[in-house]
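Peer 1: Residue numbers (this note's numbering), protein chains in the order written: chain A, 1 to 608; chain B, 1 to 608; chain C, 1 to 351; chain D, 1 to 351.
None of these hints come from the bench; they were simulated from the model. Check each hint, because a few of them may be wrong.
Derived list of chain D stretches under chain B, where covered just means 3 residues or more per stretch with a C-beta under 8 Å from a C-beta of chain B [unchecked claim]:
| hint | segment |
| --- | --- |
| 1 | 79–90 |
| 2 | 149–163 |
| 3 | 199–205 |
Pairs of lysine-lysine, DSBU-like flavour, derived with a Cα cap of 35 Å [claimed, not checked]:
| hint | chain 1 | residue 1 | chain 2 | residue 2 |
| --- | --- | --- | --- | --- |
| 4 | B | K542 | B | K60 |
| 5 | B | K402 | C | K147 |
| 6 | C | K147 | C | K300 |
| 7 | B | K459 | A | K542 |
| 8 | B | K402 | B | K391 |
| 9 | D | K320 | A | K438 |
Listed next, with one range per pair, are the computed distances between beta-carbon atoms [claimed, not checked]:
| hint | chain 1 | residue 1 | chain 2 | residue 2 | range |
| --- | --- | --- | --- | --- | --- |
| 10 | A | D473 | B | E158 | 49 to 59 Å |
| 11 | A | D197 | D | E341 | 21 to 31 Å |
| 12 | B | I412 | A | G485 | 29 to 39 Å |
| 13 | A | G416 | B | V247 | 50 to 60 Å |
| 14 | B | T98 | D | I157 | 43 to 53 Å |
| 15 | A | G485 | B | H592 | 55 to 65 Å |
| 16 | A | D422 | D | L14 | 39 to 49 Å |
Quick caveat, the model's predicted, so the values are computed rather than measured. Even glycine gets a Cβ: it sits at the ideal position worked out from N, Cα and C.
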Amino acid sequence: MRVNDFVIKFANVNGSGSASANAMFAKAVFRMGVPVAPKNIFPSNIQGLPTWFEVRVNDKGFLGRREGIDMMVAMNPQSWDEDVASILPGGYLLYDSTFIREIKRDDIKTIGVPLTKLCNERFTIPRERQLFKNVAYVGALTALLDMDFSVVEGMIAEQFRGKPKAVQPNIDALNLGREYALKYFDCPLDMRVARSDAVGDQILVEGNAAAGLGCVFAGATVAAWYPITPSTSVAEAFERYCNRLRVDPETKKKKFAIVQAEDELAAIGMAIGANWNGARAFTATSGPGISLMSEFLGLAYFAEVPVLLFNIQRGGPSTGMPTRTQQSDIISCAYASHGDTKHVLLFPSDPTEVFDFAIKGFDLSDRLQTPIIVMSDLDLGMNDWTTAPFKIDETTEFDRGKVLNARQLDEIKEFGRYLDVDGDGIPYRTYPGTHPEKGAFFTRGTSHDEYARYTEDGKVNERVMRRLSRKFDTAKTLLPGPVFGQVNQGATLGLIHFGTTAIAIPEAMELLAERKIHLDTMRVRAFPFSREVEDFIKSHEKVFVVEQNRDAQMRSLLVNECGIDPARLVPVLNFDGFPITAAAIADMVSEHLGQGERDQAQDGFAAE
Amino acid sequence: MRVNDFVIKFANVNGSGSASANAMFAKAVFRMGVPVAPKNIFPSNIQGLPTWFEVRVNDKGFLGRREGIDMMVAMNPQSWDEDVASILPGGYLLYDSTFIREIKRDDIKTIGVPLTKLCNERFTIPRERQLFKNVAYVGALTALLDMDFSVVEGMIAEQFRGKPKAVQPNIDALNLGREYALKYFDCPLDMRVARSDAVGDQILVEGNAAAGLGCVFAGATVAAWYPITPSTSVAEAFERYCNRLRVDPETKKKKFAIVQAEDELAAIGMAIGANWNGARAFTATSGPGISLMSEFLGLAYFAEVPVLLFNIQRGGPSTGMPTRTQQSDIISCAYASHGDTKHVLLFPSDPTEVFDFAIKGFDLSDRLQTPIIVMSDLDLGMNDWTTAPFKIDETTEFDRGKVLNARQLDEIKEFGRYLDVDGDGIPYRTYPGTHPEKGAFFTRGTSHDEYARYTEDGKVNERVMRRLSRKFDTAKTLLPGPVFGQVNQGATLGLIHFGTTAIAIPEAMELLAERKIHLDTMRVRAFPFSREVEDFIKSHEKVFVVEQNRDAQMRSLLVNECGIDPARLVPVLNFDGFPITAAAIADMVSEHLGQGERDQAQDGFAAE
Amino acid sequence: MTYITKPSFHHPNLPRNELGLTRRDYEGSMSTLCAGCGHDSVTAAIIEACFELNLPAHKVAKMSGIGCSSKTPTYFLLKSHGFNSVHGRMPSVATGANLANNELKYIGVSGDGDTASIGFGQFAHAVRRQVDMLYIVENNGTYGLTKGQFSATNDRISVGRKGQVNAFESIDLVSIAIQLGASFVARGFSGDKYQLVPLIKAALSHKGFAFIDVISPCVTFNNHGGSTKSFEFVRDHEHTVTGADYVPRREEITAAYPEGSVIDVTLHDESRVRLRKLDATYDPSDRAAALQYMMEHQAKDEVVTGLLYLNTGDTELKEKMDIVDVPLNSLKAADLRPSTEALEKINAGLR
Amino acid sequence: MTYITKPSFHHPNLPRNELGLTRRDYEGSMSTLCAGCGHDSVTAAIIEACFELNLPAHKVAKMSGIGCSSKTPTYFLLKSHGFNSVHGRMPSVATGANLANNELKYIGVSGDGDTASIGFGQFAHAVRRQVDMLYIVENNGTYGLTKGQFSATNDRISVGRKGQVNAFESIDLVSIAIQLGASFVARGFSGDKYQLVPLIKAALSHKGFAFIDVISPCVTFNNHGGSTKSFEFVRDHEHTVTGADYVPRREEITAAYPEGSVIDVTLHDESRVRLRKLDATYDPSDRAAALQYMMEHQAKDEVVTGLLYLNTGDTELKEKMDIVDVPLNSLKAADLRPSTEALEKINAGLR
Ligand SMILES: Cc1ncc(C[n+]2csc(CCOP(=O)(O)OP(=O)(O)O)c2C)c(N)n1
Ligand SMILES: Cc1ncc(C[n+]2csc(CCOP(=O)(O)OP(=O)(O)O)c2C)c(N)n1
Ligand code: SF4
Ligand code: SF4
Ligand SMILES: [Mg+2]
Ligand SMILES: [Mg+2]
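Work out the full structure, taking the sequences as your base and the hints as a guide.
Peer 2: Right, dumping it as structure tokens:
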């Protein structure tokens with residue numbers, strides 16, 4: 001019996017309208033109170049190529065990706081063979097039995113539903129026949145998996161609240177599949193969805209929507225962006241929510257501006273110009289955009305202009321795998337641009353944290369007067385996640401950082417844009433137009449003195465550069481600190497993870513525990529790293545660093561910036577474009593540990 | 001007596017025509033057989049601002065920059081005070097006594113020559129009066145420093161071979177100063193230039209000229225560039241030498257193409273397009289250009305297109321100090337572009353090596369099918385260096401790497417652009433137009449299989465990425481290895497340097513030896529690092545890493561790529577925009593070493 | 001796996017060209033574009049043109065940027081080398097390739113996003129440098145591959161799928177190309193291969209920068225009512241000023257035309273293009289007039305098509321730069337590396 | 001130290017404007033450009049215009065890229081904020097600044113290298129977006145700061161200092177601006193402040209993208225015989241089509257002109273510009289005609305100057321985007337942050 005613990009995968013043709021039906025299935029499971037993790041595995045084209053939709057259902061909340069398919073809904077002849085091959089022994093194959101298909105396996109159970117036939121009989125318009133096939137297999141699944149049909153009916157009703165005429169055909173389509181299944185198979189199967197309260201008050205949302213929404217609540221007014229998968233939906237979500245929440249009721253005018261720029265260089269240029277002028281502005285991009293934005297990032301670092309940038313990482317290098325996920329821009333973002341530059345990075349792990357970091361990110365960027373890059377990825381950005389509801393604290397004001405107004409300018413005896421008045425390396429700024437006589441300065445990317453005046457005096461420039469390092473140290477004390485997993489007293493092994501890897505960690509730890517391997521875990525949430533990060537590493541003999549790239553980029557950052565002996569940091573890597581699985585982590589870790597070390601890890605004696 | 005061992009500095013106004021006179025002085029010293037290191041310290045503007053010309057004269061060949069001025073030729077009232085202040089006690093101040101100037105020091109010797117008055121009497125045209133002042137003080141110096149006048153006369157004759165009318169006025173101008181000096185001061189001073197044979201067969205040339213010339217001898221046919229200080233003269237030199245050596249005598253047509261691109265993105269795009277097509281092409285830029293080129297660098301890395309790039313580093317970040325020198329683009333070049341990318345870097349130390357690396361660089365780029373970045377800097381690129389003469393080995397052919405011609409295509413059974421046939425990670429390529437039927441492929445920055453076909457199969461892409469790592473390992477065996485300085489058996493301390501820092505090392509070692517500190521030195525010449533580099537570090541308890549940037553970027557690379565414990569690498573940094581001095585290195589090293597360690601370094605016992 | 005090879009079976013009696021090749025020999029791998037996408041028709045027209053011109057595939061290089069349009073070079077001329085560069089940067093790569101080897105024919109395919117937005121600067125400069133290539137923009141007024149955002153070539157009157165208005169001035173690439181000195185400028189429509197194929201053939205026979213702006217509707221994102229880049233809109237608003245017939249070298253022109261209504265222009269390879277003036281007032285050799293004409297008719301929401309400007313008088317990039325006739329990439333060390341003596345002279349000059 | 005402050009001593013009886021300020025109050029720090037550089041004259045004209053317009057300096061923002069020209073904002077309006085961005089990217093920074101606060105007047109200063117080469121794409125898109133700013137290109141046909149390379153605005157006939165020929169088509173920024181929809185387009189000459197000052201005043205009173213191409217000779221690198229951007233060439237070849245007089249609001253126009261020879265255009269701040277037509281055939285409100293005129297006269301090597309195109313009918317960026325009237329940067333948390341209830345609704349919608 002696989003109740004509330006299985007992976008079901010839908011194999012479709014891109015552009016055939018399967019996406020919404022598949023999403024409806026996932027949402028239905030979610031609404032039955034069972035945690036789900038749907039993942040859309042799509043090609044970099046618009047129509048006609050294979051596309052997959054993988055849904056992990058897990059009551060325990062183990063929602064990281066898992067290899068092995070318990071049920072495959074195989075709707076695409078193109079990918080039929082590999083799809084059938086990926087089913088676990090004893091698993092199910094649901095397919096359109098209108099067509100005869102050769103099934104080369106005898107260790108799986110097949111469920112043939114003549115979807116095309118059923119739909120052709122019931123519907124006449126070709127496009128409908130095509131679309132309702134998807135709805136029909138969802139119907140069949142409700143019967144096979146013992147799902148609450150009213151939930152699905154309810155969703156149909158909601159979805160077409162606008163156009164009631166569309167409701168009945170959809171219900172009919174559902175029933176076509178459902179009734180066929182009930183008639184020809186003994187439903188439910190030994191694989192089921194059962195009502196649960198594991199979801200609690202959680203929501204189902206994608207990271208990019210959370211980013212856009214977070215920017216609305218952070219008071220962002222200007223967004224400049226250039227389309228690129230998988231970041232496009234950040235700007236789209238911001239626009240959607242702004243149209244809902246930021247349009248003046250009387251005048252119908254907008255309290256926001258969204259510009260689709262001509263390219264990424266312009267997008268970040270606009271965001272910088274707006275922030276310089278005191279509006280909160282951001283941009284969102286992915287790999288290639290990061291490379292193009294690096295010159296401007298260097299300017300913002302050196303001229304100390306705040307700007308928030310969402311990097312929804314995809315498979316690199318170059319154009320790479322635009323529709324796959326990776327964490328491979330860490331080095332290029334941390335040190336973006338020529339010269340001695342360092343940038344603040346935030347690593348959210350779920351949509352709720354993306355929302356929080358969007359808000360926190362603007363505060364930090366204003367406070368630190370430097371670019372902040374939120375390092376999301378395609379998996380987090382474009383897939384729906386079961387995650388905690390969004391919260392804000394209305395009582396707190398936005399932190400706009402050290403900005404002087406006219407009154408303050410009159411009070412202080414002198415204003416120097418780049419003077420380190422407070423010793424924290426953070427100077428005071430003014431917005432243009434603040435004061436008729438005081439506070440004006442010239443922002444420049446050329447070497448400048450404490451009064452923002454151009455200088456070629458190397459010693460002065462050196463002073464400015466040292467202050468920037470000081471400011472970067474201050475950042476360490478302001479950024480979100482690490483989050484620690486279960487801590488076994490005396491464990492000599494540690495594991496560091498960040499971003500979307502987090503979702504796989506609890507499960508990985510459970511798998512390792514079964515193998516008698518115990519590790520302390522720490523989730524890094526920001527760069528530069530705080531003391532705690534260093535302490536965690538120093539207090540463990542060996543620390544695994546899990547990341548989704550080839551070159552162990554986070555490990556490099558840790559070594560560089562914390563002065564850690566690389567020998568103590570063991571890379572655990574995955575870069576095939578799919579989210580890393582708990583099993584893979586567990587295997588790489590235990591493989592690395594010889595029996596000896598494993599014991600010692602277990603009862604916590606020091607070795608070496 | 002300071003014979004052939006002093007620093008003389010000229011303080012002038014930018015655009016006043018002083019540059020050629022000052023250069024003439026330096027060249028004259030060089031022609032007397034004495035090693036010189038002239039350094040032009042100029043502002044980022046065209047006319048009217050202070051500019052300096054510093055000439056170190058040193059018989060021993062200690063030609064790194066040295067603080068403290070033995071003689072100041074102060075021609076610029078704007079910078080008068082700081083210029084006078086920079087003279088060493090007992091040093092000389094040569095100035096234009098036509099004007100009364102307040103000299104606040106009594107510990108220096110002053111030499112007033114009424115240059116303006118003398119020139120106004122002798123010359124009538126205002127521009128001439130202005131220009132010849134500079135020639136006149138050179139004349140005075142020939143007397144004061146006991147220089148061979150015929151040498152200077154000879155240079156004038158050469159310089160104006162074309163226009164004999166110009167010769168006499170120049171000679172006259174020289175004599176104006178010379179005779180005045182002979183008349184009013186007892187020449188020569190105790191500071192002199194004496195004929196020597198220390199120069200030998202060396203030449204006096206700037207690094208950028210060497211780069212341009214190297215590209216001519218490497219068979220480069222296409223140069224695409226965008227103007228930016230201090231790299232502009234690379235393309236200019238290439239053009240100059242091509243016009244001399246690469247124009248068809250009959251048709252007068254060019255065997256080269258030089259395009260001034262619309263920006264850096266286009267410049268490297270053109271270089272990549274030309275290399276893809278089998279012509280040797282390069283570009284040259286500096287900081288901001290590197291940032292803009294990073295997207296294309298990622299493409300060339302992933303699509304495996306050769307391209308040679310000269311990065312003449314200047315003061316960063318952003319527009320920074322465009323007319324000052326730094327070594328601060330190391331990280332941004334080594335890891336340029338998003339995703340998992342790594343690039344091959346070469347670090348030349350003098351113009352001769354720039355010439356050699358231009359030639360070697362093209363061979364390596366063709367062999368490795370990846371971008372190669374030659375990391376020069378403003379000091380090396382724009383100043384004349386006393387350096388070994390250029391040599392080539394005519395017997396060797398160019399190494400165009402693994403390129404298949406039509407015959408070979410017919411012989412092999414299958415062609416796959418990205419197949420690792422030889423196990424060294426380097427695949428075979430073909431040029432467009434090679435064979436009517438075979439060898440065509442599609443170059444792309446998107447994920448591809450071994451046959452250059454687009455794929456979204458993550459495992460295939462992973463395979464390609466692993467091969468690229470393998471190729472990078474192969475590079476380690478092909479790149480120029482490190483050069484070792486004096487090696488004291490058993491010294492526990494090492495020092496790593498690279499690029500323009502090298503010139504200061506022998507002197508620094510001498511200073512340290514006086515303090516009983518002995519270190520082994522190694523000059524790194526390329527990234528990725530060869531085994532020898534790792535071994536050197538591992539065989540020393542503590543290794544100093546000397547570099548001209550704030551963030552110890554080379555140290556980071558060493559730690560990352562060689563898995564070194566950062567604790568063993570001590571940064572020795574300078575980033576004020578001037579070349580690091582031997583004294584600064586010696587001081588930072590000895591300061592770091594407590595007495596205890598120094599002893600132990602001295603008699604070579606292991607500590608710690 | 002998204003790469004689909006076509007069955008290579010050839011029907012025995014498919015028509016063959018002078019090289020003995022069939023149209024199939026000029027095809028590429030299977031298109032992965034949406035069914036009905038205008039771009040596939042442009043691909044077909046390119047295949048047809050190359051077939052009829054008897055081009056040896058290996059003497060053609062295919063260049064593109066990023067986008068649905070930029071994918072199409074994979075779908076034609078399988079036996080040609082191709083370079084799918086980065087978004088908007090194809091012009092620079094093509095320029096470099098061209099300088100290295102001017103004996104290849106360069107077919108650059110781009111999109112309106114690729115060319116009019118991120119690549120506008122590179123496009124403009126490739127035009128003014130008169131790079132010897134055929135540059136096709138498959139213009140659908142939208143960003144197809146990223147799912148239908150407005151592009152900069154959208155006319156001000158056009159409305160987005162979801163009713164979004166386009167407040168900004170549109171960039172008319174044809175006018176820009178004419179103004180910046182392109183020597184061959186045309187506009188076609190993916191829906192009209194009888195017009196498009198001869199234009200492509202003439203462009204490929206022309207020396208210098210040949211630009212063809214092909215209105216190529218995006219059936220998925222920009223073929224709706226409000227779009228001015230839809231099949232329907234173009235059909236209803238097309239205004240063809242010149243009909244171009246391509247006449248291969250050594251071929252007789254037989255058909256007779258009314259006085260003054262045709263212009264014969266001999267192209268660099270001695271083939272000719274016969275321009276049938278459908279608007280008697282139009283002079284395709286007068287830049288200023290052509291520009292004004294474009295503006296006036298576009299103001300009337302007309303889509304002006306045909307061969308719009310032709311100048312066989314200007315030189316192309318390599319000539320402008322006085323480069324030797326043989327391709328630079330064919331020069332060997334002997335041609336390129338000066339002697340040791342030459343180097344010794346240089347050393348001597350530096351002492 | 002290359003920053004030189006000017007002595008702030010004010011002569012007691014310097015003329016003062018309505019704000020009680022003298023011209024000195026509109027100056028910046030000392031210029032570090034070459035003696036005689038055209039750019040310094042443009043700086044002087046900007047100072048004069050702002051003084052005469054009674055602009056409060058802190059309500060002006062100075063934007064620039066990189067180059068000798070881009071340095072000049074340091075030399076005027078010391079009490080205005082300035083942003084010297086990166087090479088060629090000023091338009092995007094200005095666009096963002098503009099969206100954040102449309103109550104400031106934006107004066108962008110760029111060079112021909114900065115705008116016509118590396119910044120061409122950004123320039124073109126700022127134009128079509130109708131960003132509300134004054135964009136001045138100090139056009140000297142060369143890269144001054146990097147010591148005299150050709151720029152893309154060089155006319156084809158122009159010859160470099162060392163006799164280099166310029167084989168490539170030149171980019172005429174005025175024509176590009178007109179074509180891409182700039183609503184105020186003029187060309188001036190740094191040597192003629194009587195023409196330039198009123199143009200700048202009118203441009204600053206105009207709402208929308210106002211472009212002034214100022215031929216501003218580089219005395220050090222491009223003022224020689226072969227240059228078409230030299231003082232001498234411009235003086236000899238200048239062809240002024242319209243004389244523009246700036247008439248402040250509430251001021252009477254007294255002077256009388258012959259019928260049809262003048263056009264009065266009221267600008268957005270109710271001031272007016274009086275256009276004296278020096279070429280009766282010229283119509284500064286007809287884009288297509290204006291373009292053709294430019295081309296024809298440039299073909300005759302004439303430098304057409306004056307207010308060349310004016311359209312007070314179009315909307316500017318913020319209007320096109322329906323943004324609230326108050327500056328976005330003035331909105332507070334209360335205006336911007338939705339309530340907890342609103343957030344709860346959103347959460348509910350995601351269950
Ligand atoms: C630097 C960079 N930015 C953004 C993208 C994402 N992107 C891919 S195609 C495309 C636009 C395609 O539009 P167009 O050129 O008109 O081609 P179409 O798909 O419409 O044929 C964009 C923005 C990218 N690949 N690279
Ligand atoms: C990205 C980048 N590339 C190149 C440069 C070098 N650079 C500085 S100014 C300039 C051109 C200036 O020409 P123009 O804009 O015409 O200004 P001018 O000096 O002639 O007034 C260049 C190429 C730079 N600063 N940044
Ligand atoms: S999205 Fe549009 S442009 Fe792209 S393939 Fe589909 S129809 Fe063609
Ligand atoms: S170089 Fe030319 S542009 Fe620059 S300041 Fe001198 S004269 Fe002016
Ligand atoms: Mg398009
Ligand atoms: Mg210029």
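Peer 1: Does each hint hold? Answer for all of them.
Peer 2: Each hint, compared with the structure:
Closer than 8 Å: that is the beta-carbon criterion, and the segment 79–90 of chain D has 3 residues meeting it against chain B, so the requirement of 3 holds. Counting residues of the segment 149–163 of chain D whose C-beta lies closer than 8 Å to any C-beta of chain B gives 3; at least three are required, and the coverage claim holds. Judged by the Cβ-Cβ criterion of 8 Å, the segment 199–205 of chain D is not covered by chain B as claimed, because only 0 of its residues qualify and three are needed. Between B:K542 and B:K60 the CA atoms are separated by roughly 29 Å; this keeps the pair inside 35 Å, and the hint holds.
The suggested pairing of B:K402 with C:K147 is violated, with an alpha-carbon distance near 41 Å, which exceeds 35 Å. At roughly 29 Å between alpha-carbon atoms, C:K147 and C:K300 fall within 35 Å of each other, so this suggested pair holds. The hinted pair formed by B:K459 and A:K542 meets the criterion: a straight-line CA distance of about 29 Å does not exceed 35 Å. Distance check on the hinted pair: B:K402 and B:K391 sit about 26 Å apart at the alpha-carbon level, within 35 Å; holds.
Distance restraint check for D:K320 and A:K438: the Cα-Cα separation of roughly 34 Å lies within the 35 Å cut-off, and the hinted pair is therefore satisfied. For the pair A:D473 and B:E158, the supplied restraint of 49 to 59 Å holds, since their beta-carbon distance comes to about 57 Å. At roughly 25 Å, the beta carbons of A:D197 and D:E341 sit within the given window of 21 to 31 Å. In this structure, B:I412 and A:G485 break the distance hint of 29 to 39 Å, their C-beta atoms being roughly 54 Å apart.
Roughly 56 Å separates the CB atoms of A:G416 and B:V247, a value that falls within the hinted 50 to 60 Å. Checked against the hint of 43 to 53 Å, the C-beta distance between B:T98 and D:I157 comes to roughly 46 Å, which is consistent with it. The hinted range of 55 to 65 Å is not satisfied by A:G485 and B:H592, whose Cβ atoms lie roughly 39 Å apart. The hinted window of 39 to 49 Å between A:D422 and D:L14 holds, with their beta carbons roughly 41 Å apart.
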